[in-house]
Amino acid sequence: GDSVTQMEGPVTLSEEAFLTINCTYTATGYPSLFWYVQYPGEGLQLLLKATKADDKGSNKGFEATYRKETTSFHLEKGSVQVSDSAVYFCALSDQRGYNKLIFGAGTRLAVHP
Amino acid sequence: EAEVAQSPRYKITEKSQAVAFWCDPISGHATLYWYRQILGQGPELLVQFQDESVVDDSQLPKDRFSAERLKGVDSTLKIQPAELGDSAMYLCASSFDSSSYNEQFFGPGTRLTVL
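One line per chain: the protein sequences are A and B, in this order.
Position 46 (the first sequence) corresponds to 46 in our numbering; numbering is contiguous.
Position 104 (the second sequence) corresponds to 104 in our numbering; numbering is contiguous.
Derived by calculation from the structure, the hints in this document are not laboratory data.
Accuracy of the hints is not assured; some may be wrong.
As the list claims (entries may be wrong) - Cross-link-like lysine to any residue pairs, in silico, SDA-like; alpha carbons within 20 angstroms at most:
1. Lys52/A x Glu1/B
2. Lys56/A x Glu1/B
3. Lys52/A x Ser99/B
4. Lys52/A x Lys11/B
5. Lys60/A x Glu103/B
6. Lys11/B x Thr107/A
7. Lys60/A x Glu1/B
8. Lys52/A x Glu103/B
To be verified - Partial list, derived from the structure: chain A residues whose beta carbon lies under 10 angstroms from chain B:
9. Tyr25
10. Lys49
11. Phe62
12. Asp94
13. Gly106
In this text, a Cβ means the ideal position worked out from N, Cα and C, and glycines have one as well.
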C-alpha cells in the first residue's frame, strides 16, 4: 500500500541555520503531497502542498518540490527561527479511495537561539 | 476564522469503561475525518464521512469503536470498552469535499489516557 517515510528526529539547529527534512513516498498513481506542522499543544496545520510532479509548494519561507523521479518531497528553509520549533509531518493523499491522508511518522525540529 | 472544534481536550478513563469524543467541523464542510495519533507516530485514519455516510472505515476496530454523523454535521466517536492500547490523540478534521486538492483542517484533538 501507499506509504511515507521521513527522516528521524529530533533535528536540532541553531537559529538562522538551513533546514532540510527528507521525505520519500511510495504510491500508486499520482498523489498530492503535503507538509503539515504541529506546534506544541495544537492540532495539525497545513504548511504547504503540491498536486503534481515538479510543482513547488511554499509558505512562510518553507519550500518543497514534488520530485516524481525520486519519489521525494523534501522540506527546506533557508534560515530557521526559534518559532519554527515543532513536529513536521509529510503526507500524501490516497487517490484510490476518498483521498484520505497517509502520514509519515513526523520529524521533531528544535531550534535554539 | 472558522475552526474545527473538539471536546473534551483531555480524557482519562479506566480500561473497560466507555468514552466518547465529539467533533464539530467547519460549517459547510461535507467531509469529516477521525484520525488516531499514537505518541511518536503520524496520524492514521480511523473513519471518513461524506455528509452522513461512512465512506472509509477500513482501519476502525469495529468490535469496540463506533462513529456517527447523523445529520451530516457534527460527529461522535465512541470506544466501548476502552483498552490500554487505545491511549492516543484522537484528531478530527474536515474538508469542503473529498478532493485531494482541498485542504483538511484539523481540530486540536482529544488526548485519551486509559489506565
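Now for the hints, and whether the structure bears them out:
1. The hinted pair formed by Lys52/A and Glu1/B fails the criterion: a straight-line CA distance of about 29 angstroms is larger than 20 angstroms.
2. Restraint check for Lys56/A and Glu1/B: not satisfied, since their Cα atoms lie roughly 27 angstroms apart, outside the 20 angstroms limit.
3. With a C-alpha separation of about 14 angstroms, the suggested pairing of Lys52/A with Ser99/B holds against the 20 angstroms cut-off.
4. For the proposed pair Lys52/A and Lys11/B, the alpha carbon gap of about 40 angstroms is over 20 angstroms, so the pair is violated.
5. Taking the CA atoms of Lys60/A and Glu103/B, the gap is near 17 angstroms; set against the 20 angstroms cutoff, the hint holds.
6. At roughly 26 angstroms between alpha-carbon atoms, Lys11/B and Thr107/A are farther apart than 20 angstroms, so this suggested pair is violated.
7. Restraint check: the Cα-Cα separation between Lys60/A and Glu1/B comes to about 19 angstroms, which is no more than 20 angstroms; the hinted pair holds.
8. Our distance criterion of 20 angstroms between C-alpha atoms is met by Lys52/A and Glu103/B, whose separation comes to about 15 angstroms.
9. Checking Tyr25/A against chain B: minimum C-beta separation of about 12 angstroms lies over 10 angstroms; hint violated.
10. With 10 angstroms as the threshold, the beta carbon of Lys49/A comes within range of chain B, its nearest partner Cβ sitting at about 7 angstroms, so the hint holds.
11. Because the smallest distance between the Cβ of Phe62/A and any Cβ of chain B comes to about 16 angstroms, over 10 angstroms, the interface hint for this residue is violated.
12. The beta carbon of Asp94/A is positioned within 10 angstroms of a beta carbon in chain B (closest approach about 9 angstroms), and the interface hint is therefore held.
13. For Gly106/A, the interface hint holds, the least distance from its beta-carbon to any beta-carbon of chain B being 5 angstroms, beneath 10 angstroms.
Consistency with the previously given hints fails for numbers 1, 2, 4, 6, 9 and 11, ordered from lowest to highest.
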